[in-house]
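Following the hints, complete the assembly by docking chain B onto the known chain A.
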Amino acid sequence: MSCSKGDQHGAAHVSCKEICQFLCDYVDHELPTAQRESFLQHMRDCGPCAEYLRQYESTIKACKKCMCPGHSKPPPPPEDMVRAIMKAMGK
Amino acid sequence: MAMGPRTMGGTVDLRNHTNTASSPASVPAPVEVAAPGDFGDAALVARLKAGDARAFEDVIRELGGRMLATAVRMLSNEDDAKEAVQDAFLSAFRNIQNFDEKSKFGTWLHRILINACLMKLRTRRRKPASSLDELAERVNGGNHAELPIASWREKNPDELDDETRARVREEIQHLSDEHRTIIMLRDIEELNTEETAQVLGISVSAVKTRLHRARLALRERLSKYFVESGQAGGAYGGVEDSRP
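One line per chain: the protein sequences are A and B, in this order. The opening residue of the first sequence carries number 1 in the working numbering; numbering runs sequentially from there. The opening residue of the second sequence carries number 1 in the working numbering; numbering runs sequentially from there.
Chain A extracted, bound-state conformation:
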């Protein structure tokens, strides 16, 4: 099944525009079940939307992978910062 710009799928009843609005809730697992089914049906039918979703998810994964601190112990705080805080505390 194909869909044209902004139109709706007969089966899923979700347009590409609506898909954009559902994207955030879908990846955050906050999409209600009924809308989730329509969303997934649209993804099965619409290649560009499926690619769009893949990129959206890859963006989040890449962001987490590159920015999350992980479990390694971070370097100790700079000595000047420690001293500044203690001084500000009057300690």
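No wet-lab data here; the hints were simulated from the structure. Careful, some of the hints might be misleading.
Claimed, not checked - Stretch-level coverage of chain A by chain B, calculated; a stretch enters the list once three of its residues show a Cβ under 8 Å from a Cβ in chain B:
#	segment
1	48-61
2	81-87
To be verified - Listed next, the in silico DMTMM-like pairs over lysine to aspartate or glutamate satisfying Cα-Cα at most 20 Å (straight line):
#	chain 1	residue 1	chain 2	residue 2
3	B	Lys224	A	Glu51
4	A	Lys65	B	Glu190
5	A	Lys61	B	Glu57
6	A	Lys87	B	Glu62
7	B	Lys208	A	Glu18
8	A	Lys65	B	Asp58
9	A	Lys61	A	Asp28
10	A	Lys61	A	Glu30
11	A	Lys87	B	Glu57
12	A	Lys87	B	Asp79
13	A	Lys87	B	Asp58
14	B	Lys208	A	Glu57
15	B	Lys102	B	Asp41
Just so we're clear, the structure is a prediction, and the values are computed from it rather than from any experiment. Beta carbons are placed, not taken as given, at the ideal position from N, Cα and C, and that holds for glycine.
Below, chain B without anything else, positioned relative to chain A:
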């Protein structure tokens, strides 16, 4: 998890104070988020509440490094980050009597840091949204069909090489403050939507909209990079041309 947006354990919300040097950041409610460490130790907290200078220094040395890393991610500036960490510690120590120990001390402190970073962002000149951010907003207002979609063939995010990781971090830092902050809070610090709304003082709906726009802005930046670096396949010239 229960949380009050304005108070925690009797502490006051100092959100409206603008001078972060003299006015500590607001003390948020406890939530089980990625904490910089488990300092729920009652003995340590008792020492802090007793004003034990050595306990203050122990906490700074134990948690300061990770807190600084978090602040740098949020503020993209080490000097600002150090100030935010200092503000957070001062706020925590000055309000330690109000810490009710229903959450881990590290979690409580981490949330104070997030607020200190937000204070810092509010008080410095806002970075204007980039043209790519604006581009992303066009997408949000319409649908994917309005923009060409580069077909990524990038490596699995789990297998990104050092250069790509550095570039991803750079692209994140180049987002507008508003976009970078919402991504940090939701995707990195892993606050949920409601918590994010409370921390930022905006509606849940606004959080979702802003987060979506921020992710799209980042997607556009990464897509551009992947295309330029040859890690992407041919772009969809438009949905009409690429549909099955």
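Straight-line alpha-carbon gap lysine 61 of chain A to aspartate 28 of chain A, limit 20 Å: Given pair lysine 61 of chain A, aspartate 28 of chain A holds - Cα atoms ~12 Å apart, limit 20 Å.
Given coverage of the segment 48-61 of chain A by chain B, tested with a Cβ cutoff of 8 Å and a minimum of 3 residues: Held - the segment 48-61 of chain A has 11 residues with a Cβ nearer than 8 Å to chain B, which meets the minimum of three.
20 Å Cα cutoff - pair lysine 208 of chain B, glutamate 18 of chain A: holds, 14 Å
Hint consistency between lysine 87 of chain A and aspartate 58 of chain B [alpha-carbon to alpha-carbon, up to 20 Å]: holds, 15 Å
Pair hint outcome, lysine 224 of chain B versus glutamate 51 of chain A [Cα-Cα no greater than 20 Å]: holds, 15 Å
Chain B over the segment 81-87 of chain A, status - at least 3 residues with CB closer than 8 Å: Answer holds; 5 residues pass the 8 Å Cβ test.
Distance restraint between lysine 87 of chain A and glutamate 57 of chain B, which requires alpha-carbon spacing of 20 Å or less: Holds, at about 11 Å.
Pair hint outcome, lysine 87 of chain A versus aspartate 79 of chain B [Cα-Cα no greater than 20 Å]: Within the cut-off at roughly 17 Å; holds.
Agreement of lysine 65 of chain A and glutamate 190 of chain B with the hint, judged by alpha carbon distance not exceeding 20 Å: holds, 13 Å
20 Å limit on alpha-carbon distance, applied to hinted pair lysine 61 of chain A and glutamate 57 of chain B: violated, 36 Å
Hint consistency between lysine 87 of chain A and glutamate 62 of chain B [alpha-carbon to alpha-carbon, up to 20 Å]: Holds, at about 18 Å.
Pair hint outcome, lysine 208 of chain B versus glutamate 57 of chain A [Cα-Cα no greater than 20 Å]: holds, 15 Å
Against the hints set out earlier in the document, violations occur for numbers 5, 8.
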